[in-house]
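Quick mapping for you: the protein sequence lines, in order, are chains A and B. Numbering of the first sequence is given in the numbering used here, commencing with residue 1 and proceeding in unit increments. Numbering of the second sequence is given in the numbering used here, commencing with residue 1001 and proceeding in unit increments.
In case anyone wonders, no lab produced these hints; they're calculated from the structure. Computed from a predicted structure; not experimentally measured. We treat Cβ as the ideally placed atom computed from N, Cα and C, and that holds for glycine. A couple of the hints might just be wrong.
Under the rule of at most 30 Å between Cα atoms (straight-line distance), these lysine-lysine pairs were calculated in the DSS-like manner [said to hold, decoys possible]: (1) B:Lys-1044 x B:Lys-1139; (2) B:Lys-1219 x A:Lys-324; (3) A:Lys-325 x B:Lys-1219; (4) B:Lys-1144 x B:Lys-1017; (5) B:Lys-1144 x B:Lys-1049; (6) B:Lys-1139 x B:Lys-1219.
Estimated spans, in silico, between C-beta atoms of each pair [as the list claims (entries may be wrong)]: (7) B:Ser-1060 x A:Gly-149: 33 to 43 Å; (8) A:Glu-269 x B:Ser-1060: 28 to 38 Å; (9) B:Pro-1181 x A:Arg-270: 28 to 38 Å; (10) A:Ser-231 x B:Gln-1156: 29 to 39 Å; (11) A:Ala-13 x B:Arg-1163: 29 to 39 Å; (12) A:Gln-328 x B:Arg-1155: 42 to 52 Å; (13) B:Pro-1181 x A:Gly-11: 49 to 59 Å.
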Amino acid sequence: MAAVLVHIDLGDAGRPDASSLVALAAGRHVASSWGATLYAAVLVHDPHHPSLGAHADEIAQTSMPSVPGIATTEGALARGGADKIVIAVSRDPIAPLWSAIGNAWQGVVDHLRPRLVLFGADAPSASELGPRTAARIGARLLLRARASGIDDVELRDRDGGYARSTDGGAAVAMIGRAAATEQIADDSDVDVVVLAMPGERDPRVELVTTTPAEIVHAGGAVLVLGDDVASDPVIGAAARRLAELMNAELVGGPDAVRAGTVAPNAVVERITPLAPELCVTIGAAQVDIAGATSVIKIGAAGPNRITAVDGVLHGLADVAQLVKKLEQA
Amino acid sequence: MSDANEATARLTVQPGKRVAIWLGTRAPVRTVRWLDGALRAAAKLDPDKTGRVVALAAGSASWLDLASDRARHAGIASAGVPTDLQLDYLGWAQIVAAAVRQLAAGTVLVDEASRPERWIEVAAIAELLDAVQLTHVVKVAADKDVLTASRVLGRQLQTVRVRGPAVLGVRIAGAPVDEYPTPMPSTSMQRLELAQLGLDPIVLGHRAQPPRGSTEPRKTVERVAEHLLVHLAPREVR
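All chains, please: the whole structure from these sequences, using the hints.
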């Protein structure tokens, strides 16, 4: 039976990352449609695990590691629809870098030889692990894909890439959206496989520090409020709600700061360079956006320097309508 | 051998010590500012200007001319792979990896900010070169054989030290550029033919991928909402 493998990042106390659970939901839909087994794999750090001998060079099925919160993890993944849970034990600390966890993750992929590998598009490890996994197994790569269809479920990204049950070859997808799965009982029986992973982190990369990033380095979504609409309380409220829905940074010009709509450390100017994955501008917002960014312009009075956009809404009232649509989604 | 090729061949740089900066296969969307920033970041890795940095591009003649022109502005030599192939991330990575080996480079920077499809090539190039990879790098500096790079991860900035061969996807802005002169046909760019790199276009064709996606902007609330759905912050699935 074919395998669908979902990488699960873990947060506090063993709770799976929310974006990883979205990928698991997409995996459930696909696996049920394709007649595949759905594996949810987590990497955990247990340097004292007895199976992690210094000379181990093969993956070994072994006993449960001593990791806080592992029961929470198992319960969440079982409720999320996993057929089997793979716990890969590593002697090195888990960090969202290929150099830190690439060896252990590759061990899981080699062990299961999945036809489809899924990551939550916003999960911490996705940007480092997803494309490298795809390159290693020579797979097609879908970005911000979603599951669609009822009987014949397929994955599609918005550039036209897809993965279907009838395809040959493997695919890797970063999942941006999935419908909820059916309720699965808390006491559902799910197989747990514990694997001791040989190998170590890549010593060529050393993580030195982790600090808060400045606004100009925002990598996810950014919402830019124009000064012309900064003092409009209705637009301001809708913009804040839109930013909340997308977990976006809300930035703007000096007037938006004075109006209290954006934080003092979130001021941008016409020449401020931004390279997030997504940027939504409202009103006559001016900012210098990288070509890699997907841009939506709302309520811009006339042409401005932001070109090559993916969407344009001319009315400022459309912000509230857009919020309503997204809340209903 | 052309004059340009001779000029590049004369560079006396220890193999593996060169730095290649992959500029991609098509001109930047919106602005060349990030292209310039990536080139400037690469140039800083050669403070003594020994000529060990080389900009690399592939694609049409007009794009290669622009890439060469911006590299020249940054004081960097350039090499280009003329081709009309349209490939996926792994196809382009094969070309980059072959060119990087030909140029004897150990470190590869990738301008991942100028076009949306570029960042996923970082991992593929690293995989083919058996190199370390880092994506979303916003700052990079070299101290002898050690690179110190800062990369964005969500709302955090990770600072890492890297030793040995590495592929770094950079998103570093240069100075604002409103307009730039139309580039003249490049004479200084070293041309690397696919055959010279040991690559067969027919084999590469297995990774062919036509340009995808609509270029027409979405103009209704429904269609924009559809576009944004995959960016919504994940909620509890249940």
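Practice problem: Look at the Cβ atoms of Ser-1060 (chain B) and Gly-149 (chain A) and judge whether their distance stays inside 33 to 43 Å. | Solution: 38 Å, holds
Practice problem: Would you check the hint for Lys-1144 (chain B) and Lys-1017 (chain B), treating anything up to 30 Å between C-alpha atoms as holding? | Solution: 11 Å, holds
Self-check item: Distance restraint between Lys-325 (chain A) and Lys-1219 (chain B), which requires alpha-carbon spacing of 30 Å or less
Solution: It holds: about 15 Å lies between the C-alpha atoms, which stays within 30 Å.
Exercise. Can you let me know if the beta-carbon spacing of Pro-1181 (chain B) and Arg-270 (chain A) is within 28 to 38 Å?
Key: Violated: the Cβ-Cβ distance is about 22 Å, outside 28 to 38 Å.
Quiz item: Under the criterion that the straight-line Cα-Cα distance not exceed 30 Å, is the pair Lys-1139 (chain B), Lys-1219 (chain B) satisfied?
Solution: 37 Å, violated
Self-check item: Cβ distance range 42 to 52 Å for Gln-328 (chain A) and Arg-1155 (chain B), holds or violated
Solution: Given about 28 Å between the Cβ atoms, the range is violated.
Exercise. Kindly confirm whether 29 to 39 Å is satisfied by the beta carbon distance between Ala-13 (chain A) and Arg-1163 (chain B).
Key: For Ala-13 (chain A) and Arg-1163 (chain B) the Cβ distance comes to about 35 Å; the hint holds.
Practice problem: For Pro-1181 (chain B) and Gly-11 (chain A), compare the CB-CB distance with the range 49 to 59 Å and indicate the outcome. | Solution: 51 Å, holds
Self-check item: Holds or violated: Lys-1144 (chain B) to Lys-1049 (chain B), with C-alpha atoms at most 30 Å apart
Solution: 14 Å, holds
Self-check item: 30 Å Cα cutoff - pair Lys-1219 (chain B), Lys-324 (chain A)
Solution: 17 Å, holds
Quiz item: If you draw a straight line from the CA of Lys-1044 (chain B) to the CA of Lys-1139 (chain B), is it 30 Å or shorter?
Solution: Holds, at roughly 11 Å.
Quiz item: Is 29 to 39 Å right for how far apart the beta carbons of Ser-231 (chain A) and Gln-1156 (chain B) are?
Solution: About 33 Å separates the Cβ atoms of Ser-231 (chain A) and Gln-1156 (chain B), which means 29 to 39 Å holds.
In summary, the structure is inconsistent with hints 6, 9, 12 from the numbered list given earlier, while agreeing with the others.
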